[in-house]
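> Here is what each chain is made of, one letter per residue.
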Amino acid sequence: MKYVIIGASAAGINAAKTLRELDSSNEIVIISKDNNVYSRCMLHHVISGNRDLEKIAFEDKDFFSKYNIRWVKGIEVIDISTDKKEVILENDKIEKYDKLLIATGASSFIPPVKNLREAKGVYSLRNYDDVLNIEEGIKKSKKAVILGAGLVGIDAAIGLMERGVKLSIVEMANRILPLQLDQKGADRYQKLFRTKDIDIYTSVRLEEVILKEGGFVDKVKLSDGTLLECDMIVVAAGVRPNVGFIKDEHIKIDKGIVIDKNCRTTLTDVYAAGDVTFTAPIWPIAVKQGIAAAYNMYGKEKLFDDTFALRNSMNFLGLESVSLGVVEAPYSRYTIDIIETKDVYKKIIHKDGIVYGAILIGDIDYCGVLHQLIKYKINISNINKNIFKIDYSDFFSIKQDGQYKYEAL
Amino acid sequence: MKRIMINKDLCSACLNCYMACMAEHNKNGKSVFDVDLEDIENEGRNYITIDKEGKPVPIFCRHCDEPECVNTCMSGAMTKDKKTGIVSYNKEKCASCFMCVMSCPYGVLKPDSKSKTVVVKCDMCDGREIPRCVENCPTGAIYLEEVDC
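Quick mapping for you: the protein sequence lines, in order, are chains P and G.
The numbering of the first sequence is the numbering used here, which starts it at 12 and goes up by one.
The numbering of the second sequence is the numbering used here, which starts it at 5 and goes up by one.
Certain hints may be false.
Chain G stretches covered by chain P per the calculated footprint, using a threshold of three residues with CB under 8 Å from any CB of chain P [what the hints assert, rightly or not]:
#1 5-14
#2 23-36
#3 67-81
#4 98-106
It is worth saying that the hints were derived from the structure and are not from the lab.
From the three backbone atoms N, C-alpha and C, an ideal C-beta is built for every residue, glycine too.
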């Protein structure tokens, strides 16, 4: 038995580790385009100068030797020959497999805006190479436009903020972090960003990039006619799964690789996990899919059923927050409970004992219970307590081995 | 592994466990006399809360077999040692994203009150034979037991 994993990030690494824990003897190979194992969620800390490549690693240096995994790094996979059960690498080498996991992740999407794809001085923030490119860029650049105020766009702003670059953030929605926060929540962060001299443009689209000589970025034109001078653009407009190398139509691809609850693709002995499946591009889902895929590749059935995607924790400019479920009530028959003080904003949206959404800013203590209530629609109508004070004591239940559980699940 | 077991019916909310935890993790010294109750830098890692019936309930880190805090940690700060069973937190590695706080199904975790950069997490007193909280529980509401994991 030989296991081959393509990709060395959250899903791939966790799959390999789990496989080794299950199977002490068989060969495990990881093939990755990346030369290093690092957490993409921390790339902005490298730009800011707070961390280096070593400090954004999420596994120890001795990971591959410790788990006895062969690592083929810095090499792209260009094809899979599924009938021969071979993976073909860009250097024409092949790697045979008995069980294959595709965990190739996703890439930044550059929208088809006039001149954006052609312009020089346009960056994304996804890979370590992007950091190196940005690093090179800010040697000369003085004014940057960040396209998109989602989590990656805001991360980019945090990274660049202290680097002497004047920042403008452009967002299509009417507020920053529109998927994570409501207006009041976003306002708290927008206020903080403005104290850092960061300009925020909301409810506008990028219409065109105006170039100067040599094809370099000169200005961006927004949909309301605003012209912003800049010599750098960081695009944070979402990601697309890395599926380009898959030519065999037996592996069904929709938006990403289609998988079942065991992380199997539509082709026997081929599994997929992480962002390449387009389930939801968040770290915990990639990790858990990687682990589930490993169990199933090994032959021990494990279901992946944690697809709840509406969960994010944020910590920008010293203000921490958590967003769970919906940020606005879908219509008026919901109850909305709010706490608003100088430092804290909390909102819980619920109806008939089921919590549908919550925003917590400035106080996120012990909020994992709320996550559970929303994810599993656990009914709280019999709990006669202030909704903000509900905690695990109200569900307390213990297994034989001392672990906690939820009776309702 | 050894797990701190809970018999909540015996808990009288005396908070001896909480005080013991503060003392054990106090940078000013490990005696209870060193504990300054007004020092927000020093906080207990597990806690007692009041349930819907008005009864006290100990909420203590389970060092879960399949820990959500570890699965969601993107920095490698939160790790599960398969041999000892302990889920450890390394504050040097932590990037303060607080995914673990959001993901602990039982609401055991929180950011520290002072700096809001570190996660307040039980470390089973870092190798101490009997965790200080267990040692100081006068009712038997928390006790140590060897369990399979």
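> The structure should be examined with respect to each hint, and the outcome stated for every one.
Status of the hints after comparison with the structure:
With a threshold of 8 Å between beta carbons, the proposed coverage of the region 5-14 of chain G by chain P holds, since 5 of its residues qualify and at least three are required. Here the region 23-36 of chain G counts 0 residues with a CB under 8 Å from a CB of chain P, which misses the bar of 3, and the coverage is violated. For the region 67-81 of chain G, the stated coverage by chain P is satisfied: 9 residues place a CB nearer than 8 Å to a CB of that chain, which reaches the threshold of 3. Counting residues of the region 98-106 of chain G whose beta-carbon sits less than 8 Å from any beta-carbon of chain P gives 7, enough to reach three: the coverage restraint holds.
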